[in-house]
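Colleague: I would like the entire structure built from these sequences, with the hints used as guidance.
Chains as they are written, first to last, in my numbering: chain A, 1 to 409; chain B, 1 to 106.
Please note that the accuracy of each hint is not assured.
What the hints assert, rightly or not - A short, non-exhaustive set of chain B residues, derived as facing chain A with CB atoms under 7 angstroms:
(1) Met22
(2) Glu26
(3) Asp39
(4) Cys40
(5) Asp70
These are computed hints drawn from the structure, not numbers from a lab.
For glycine and all other residues, C-beta sits at the position ideal for the given N, C-alpha and C.
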Amino acid sequence: MPVPMLNARDINPFSNDDFRRDPFPFFDHALAQQPVVRHDQWMSNAVSLFRYEDVKAALKDWSTYSSGMARSDEDKSVTPSKTEENFITLDPPRHTALRRIAQQGFLPTILSQFKEPSEKLARESLDRALEAGEVDLVNDFAVPITVGIITNVLGLPIEDLPRIRRWALGLSDAYMSTSFVTDIEPERVENVMQIEQEMVDYFHDYIADRYKNPREGDIVSALITAEVDGEKFTPEEVESTAMLLLLAGNDSTTNLISNYIRNMSEFPEQAQMIRDDLSLIPRSIEESVRIRPSFLALERRATRDLELHGVEIRENDTINLWIAAANRDPSIFANPEQYDISRRPNPHLGFGHGVHMCIGAPLARIETTAMAQEVMSRCKGFEILSEPKQGGTNMTFGGISQQARFIAA
Amino acid sequence: MPTVTYFNPAGEEHAVDVPDGMSVMEGAVSNMIDGITADCGGACACATCHVHVDPEWYDRVGAPNETEADLLEFADNVTETSRLGCQVKVSDELDGLVVRIPYREI
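Modeller: Quick look at the structure:
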């Protein structure tokens, strides 16, 4: 039930309060009554879109809704340049060229080599969870799987795993450190910045070494050697892309896995249907991404003045595309608040849409499928034991720590 | 190794070797052939690897499954031999396959 609300502008979606624990009453209200909201009182030049058709159209229309510099100037000054220029923050045609190079590393036949490692990591994670009784769903269960795989994907030395995991944990406090909530404590920002610098230095050395001592078979090698129309990535672009993959491949998939368990806990009768027929797992993952996507919103920048549903959007406004709201738009998804594995088709926007659609989605599906196979065949239930601790960004959705219990079948 | 001939949206011909077991989409992406962006990475979730199978090859390639047919409903320039490249696996049986990549509004 939408809570009575006079004006969606009075809600601050960039704040670290209860908003992110349950943003859905706000979304319901916006979907029904205020499909475009200006947030001038909370953040200058920020606009939000919520409805499925609007969000999808904006994701498709990169010439109006640009991925370039979708941030305020203040945010920019604290963002190291090394993580700035990559195929997430560029528009076509440069984006097309870089993405085509990166895509060489993400073809299904290449990714299939990560199926077995995913299964092994999932098995070990669940072994530990069952033995421990009570675990941190995020840090003890999901993170070892996702960080283990991304380390594999990037060909990083196994002995570096502890520090990579430490970075992943620290950085999950703020997605790529660009989108802090407005009321985050300065120490947390400082901590994230420090970790990021450490990581930038590490990758600089690591990539330089990979140029000197070429290897084969992992994504970094693919990034170094791939060519589009005679053009290759520069070493800086390889560095930036590798870090991007570490960050993007960590937080997003970690949320995907922990959100899946949250859904199974909240909708036990649906979980039982999956347990009874494990071939439903791929669909159960799509539905999980629909109802609890790893990101609440994606950011774009308006490249011109326009008007949408009677609201003025100005050039250079930051546009928040709330995919979590669009995924519960009742005009597309009947009973949107209900987890329902029978939805077909399930055209959710949880992995984005258009030219920036998540390049790692096939890998995320491999990892999550391995995890789901394991837990759905070995557990009869899941208990969530605490409220999630929220990270310092308004973009990611899932919480950075939460106690849970896996109940053996 | 099977050969697949792609005509890009501009009508240019590219005959390339595609390893057995790779998809028509992967063959295009790994050879940097224009017109197939494969936004979703081959998950049968986006229709940006839409191809027109040459009518002479269509019977051997076969019809789309239900999920793929749903997606094709929303694609541009669909014909009776439309398929999503990510769902067509190349094999020796398809050696010589010819596909045309339709023009698509980005």
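Colleague: All hints, please: hold or fail.
Modeller: Status of the hints after comparison with the structure:
no., hint, in the structure
1, Met22, "holds (6 angstroms)"
2, Glu26, "holds (5 angstroms)"
3, Asp39, "holds (4 angstroms)"
4, Cys40, "holds (6 angstroms)"
5, Asp70, "holds (5 angstroms)"
In summary, the structure agrees with every hint in the numbered list given earlier.
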